[in-house]
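J.: Given chain A, work out where chains B, C and D should sit, using these hints.
Residue numbers (this note's numbering), protein chains in the order written: chain A, 1 to 336; chain B, 1 to 336; chain C, 1 to 336; chain D, 1 to 336.
Among these hints, one or two may not hold up.
For identical chains, the list gives no copy identity; a pair is met inside one copy or between any two copies.
[Said to hold, decoys possible] Straight-line alpha carbon distances no greater than 30 angstroms define the calculated BS3-like cross-link-like pairs of lysine-lysine that follow:
1. Lys117 to Lys188
2. Lys5 to Lys317
3. Lys317 to Lys99
4. Lys297 to Lys317
These are calculated hints, taken from the structure and not from any lab test.
4 protein chains.
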Amino acid sequence: MEDCKKAFKRYRLRPRMLRDVANRQFSTSVLGHPVSFPICISPTAGQGFADIEGDKATAKAAESLNTIMIVSNCAFFTYKDISLAAPNAMLWFQMHLYKDRAVTRFLVTHAERAGFKAVVITVDAPVIGNRRGMKRGVMMAPREKYRMVNYYDPNNPEIRSAIANGDISLWEYATDQLVTTETWDGIKWLRGITKLPIVVKGVLTGNSAIEAVQAGVDAILVSAHGGRQLDGVLATIDALPEVVKAIKGSGVEVYMDGGVRMGTDVFKALALGARTVFLGRPILWGLANDGENGVKKVLEIVRDEFSLTMALTGCSKLDDIKASMVVHESQYLSKL
Amino acid sequence: MEDCKKAFKRYRLRPRMLRDVANRQFSTSVLGHPVSFPICISPTAGQGFADIEGDKATAKAAESLNTIMIVSNCAFFTYKDISLAAPNAMLWFQMHLYKDRAVTRFLVTHAERAGFKAVVITVDAPVIGNRRGMKRGVMMAPREKYRMVNYYDPNNPEIRSAIANGDISLWEYATDQLVTTETWDGIKWLRGITKLPIVVKGVLTGNSAIEAVQAGVDAILVSAHGGRQLDGVLATIDALPEVVKAIKGSGVEVYMDGGVRMGTDVFKALALGARTVFLGRPILWGLANDGENGVKKVLEIVRDEFSLTMALTGCSKLDDIKASMVVHESQYLSKL
Amino acid sequence: MEDCKKAFKRYRLRPRMLRDVANRQFSTSVLGHPVSFPICISPTAGQGFADIEGDKATAKAAESLNTIMIVSNCAFFTYKDISLAAPNAMLWFQMHLYKDRAVTRFLVTHAERAGFKAVVITVDAPVIGNRRGMKRGVMMAPREKYRMVNYYDPNNPEIRSAIANGDISLWEYATDQLVTTETWDGIKWLRGITKLPIVVKGVLTGNSAIEAVQAGVDAILVSAHGGRQLDGVLATIDALPEVVKAIKGSGVEVYMDGGVRMGTDVFKALALGARTVFLGRPILWGLANDGENGVKKVLEIVRDEFSLTMALTGCSKLDDIKASMVVHESQYLSKL
Amino acid sequence: MEDCKKAFKRYRLRPRMLRDVANRQFSTSVLGHPVSFPICISPTAGQGFADIEGDKATAKAAESLNTIMIVSNCAFFTYKDISLAAPNAMLWFQMHLYKDRAVTRFLVTHAERAGFKAVVITVDAPVIGNRRGMKRGVMMAPREKYRMVNYYDPNNPEIRSAIANGDISLWEYATDQLVTTETWDGIKWLRGITKLPIVVKGVLTGNSAIEAVQAGVDAILVSAHGGRQLDGVLATIDALPEVVKAIKGSGVEVYMDGGVRMGTDVFKALALGARTVFLGRPILWGLANDGENGVKKVLEIVRDEFSLTMALTGCSKLDDIKASMVVHESQYLSKL
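So that you can see chain A by itself, here it is in the shape it has in the complex:
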């Protein structure tokens, strides 16, 4: 994650002067849905630890500012409850392809019924990464308090049994459902059971992006899983141009998350080809600080900085943001 943040600093802005930027237009569409700005909300687990209203508060903030929220499979509220809390919110849901296809199908069906608009499949976690911080006790969310309510399938005997044994048992069941045998065929299977658009999250190379397109996805979210899965992986902003280039012309949208902290970061990501960015940690900071209002505040700060960046680079609409306006520092550091 540190490198994701640092990587943004390695790109410099090349502003244009004296453009009419009084009326800056940065609303856009993501998978055809209109959003007010190209800044959406990445899935993060256990939002209930940050605020008692958790995902419901975040969804209300997304609804209020008209942007997309991806709800984690580790939400403490059901898809339905979140949807009811923010009926006009544009909600997507994140999950894995689970070992037991019935579990996958159950989650998809319930999210569909709750009005969710897209399914986001995490593809960079066939197993949980080596989270040294957790091992060393720096911070460990209390697993027994994970209320994995979206897994409550009364027809699934294993889940019924897990529920009977309390939340930790269900958490362990869900974790155990991560599969290391999964391939792109799983995406094709998913394509067959839902009409929802499919987004894959965690792609970092052009080759994986091409495979995703071939498997029939609708969008790719370039992500390093918050830097929590694999040490030494490349920074997402560095990976983005390769992914964009690899699937150019396919019609598949490309997003990115990882290290986005400032409005200039959003600008750089868009210049390098992302349709929108997603925010992870900053949303949790806002949520922990002031619930729904905190999330709104974070989104507004980044949005306003982005708007200011557009003004100061001479851009009045998103199409004005060109790759040539962002240059890697090496073009100045090295003069060979």
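T.: Structure of chains B, C and D alone, referenced to chain A:
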């Protein structure tokens, strides 16, 4: 700004030995006006906060050492008062293209009458940048003490009303006059209402420089606004060669400010194509420290270091300073 | 050594997504001997200082996890004793080409008889390097406690005499046996006196690797001697690709040690062409911490991290680890 | 100077293995004079401040170890006294081309008579650099204690007058003799008045080196004047290859000083084309620490480290040290 300073360090000097450098000649002309050395004074707002004599003291120092001072639109003394304080000073004035063209015209007219020699238009501030330090209260000049006296137009009802409401109201009026709709057409309009040479300040790319030339400017001041407008913008000394190259042969002069602290910085800027450098913060340090004498001292230190640099690189006149005498460190750091 | 560690960080991983990685196979063979994972044990002197069971404890750990241990010539137990302590361990022995060929022959013969499987010749120590830490007293193993028991040749009068004078005398004798006159002919001579495979340890360039192949070695261990021989030498992971390329097609195996601390390091070394890595210091840390169990623990941690890295990069067998999955950071840092 | 030291670290060694290095031969000749090792002594002013015996002690150390010492024009002993103290020392003397040619001639004549073997002309000090440390009082040698005894020309009325006014007056006289009008013609004039070989010290570029050769010098000492003359000048080890290449085939020898602290530095300088290195500050440290013995100790440490570096890189004679054995780190840091 930090990167502007660091960027200078990335250029290394390649001295020539055993040249007759006893008689070093570094007086030059800027827009046709003779100056004693290629080190001029950038506009900085609120000099009255640094010294009670503010811009008058700085103007006297410029007069005494025979260099150019650009007076900020935020000076606390009128163009006339500053001019009277330093009748032989070579004074330019800085402003924006204001929303109300009458304001722009008023300022130009008064500066012309006060004997100012050029108008400097800031083009990198269609809006005020995101100054986090100010927001966090690190340092905030008391806006209510900004005496924007050059805006006192008795025939402008809005200004009359603002004056009646006190200085802060006028400051707010002036800030509000910054326009985000401005384009290069504004420069052309300005060209039509004044005979003064026009300098645009804030250009950072070759493309903007070409647009400036096409709009009819007389000179370009490569500047990053002291690093206070846009995070992650490129360093001015890195931007300079591109600007110089883009408008080569146009007859338009190129200057730079940003990070100039030492005589070797001046040398590097000239080697890379600047006709002169401008000093911003160091002038304020001198002014705060010892008024007019402090400003003189700063100019003398940098001048003497520049003279010494000429001696130690084997240059006896400005034309001896060649691009080949400054090399980017990457030519030594990388041996590919 | 610091640079060896840092150098690993300069390589970034490019993971592949959605591969079936449930059944990860990372056992391999080294010089034809099956090992459970491509992580072996480098020779380190004076293991008896870390744990009273020293090399015997390390050998037992290697036996228990089924990997290779290279026993240093400075072991405090005889080849035979170590072999008896871990009868199924895959043991190699490390030594130099000694001034007195009879000494070399004596060591080889005894190691062969004790069932050792390969002879590892250190080629980067014609003299002992300039170990400033030692000179400054930071840490100095007590030489008089070095029990160089594998040198106890009753038929060698010099050694008999040294033994009579105590361990320090034998240590000095052995140190004195390092020869600065040694050339690749010594390897050819060794080839003539033993059927054991010969590994040369300390090669850092393609040219030396070619010379090694021409001298008839079976394997090359790219090593910087723990950074203790020569200041400013290149990092082993940086040297590895050149060595691999230089002797491609020769059938000679290439290994590496130096700076391997994490499972991702193992992955990177394999991607860049090493058949296996060797661990030095981490083994001593484990040994000092908890003897045989500590060594096992260290190996298990690195093995499990390596397994996880395979999972997260989409590799289910060692052949899946391709050079294209590891990229030097400069490909992202520099965009020339 | 800091960068001179850091620059050495940017070069990595590529050692060769299994060479017969028992008999390492590193004596060489410098301007035809045999020296025991390619490590000589740079001129440093005011050695009398480090040790009461000053230049005499240093000369004795040079004599004892059979290397060259360049005596500064600021020595506190006469050429004759130094020569008498170390009758077999290989002594050169350093000076400038003085404003008053008679002074120059006087110094040359006396040095010749005292048996000095070469004249070293400092060419990078037409004026004294901007020594901020001195200005800020960090450290300032007491000028009034500079006994510029080699200037005591009884036939020169100005000098007689200066002497009468005390040492500080003579120091000021000598400083005033530095000329900013000097050109390569001065070297040609010098060539006409002495049979001694002429060395120019302070060349940093290929162009200056070619001018030096054309002016008839016998050797070039690549030097940055200890980093005390010009901020931001390039590092000497980085400048060396360009100088060597520029005058290849001319027969003029090339040396370097600046940042040499370790035996590996000597090795790198020789690999990159220097015939010998010169030590500046380290000599003063040894002198201040233990007089003649301290200087010897410093030379011995660096010599032994150099010898060790030869052994560990497989070099038994100086000709074995090839450019290919030293590689710039960028070849490993960048893989473009």
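J.: Mind listing which of the numbered hints don't hold for this structure, in increasing order?
T.: Failing hints: none at all.
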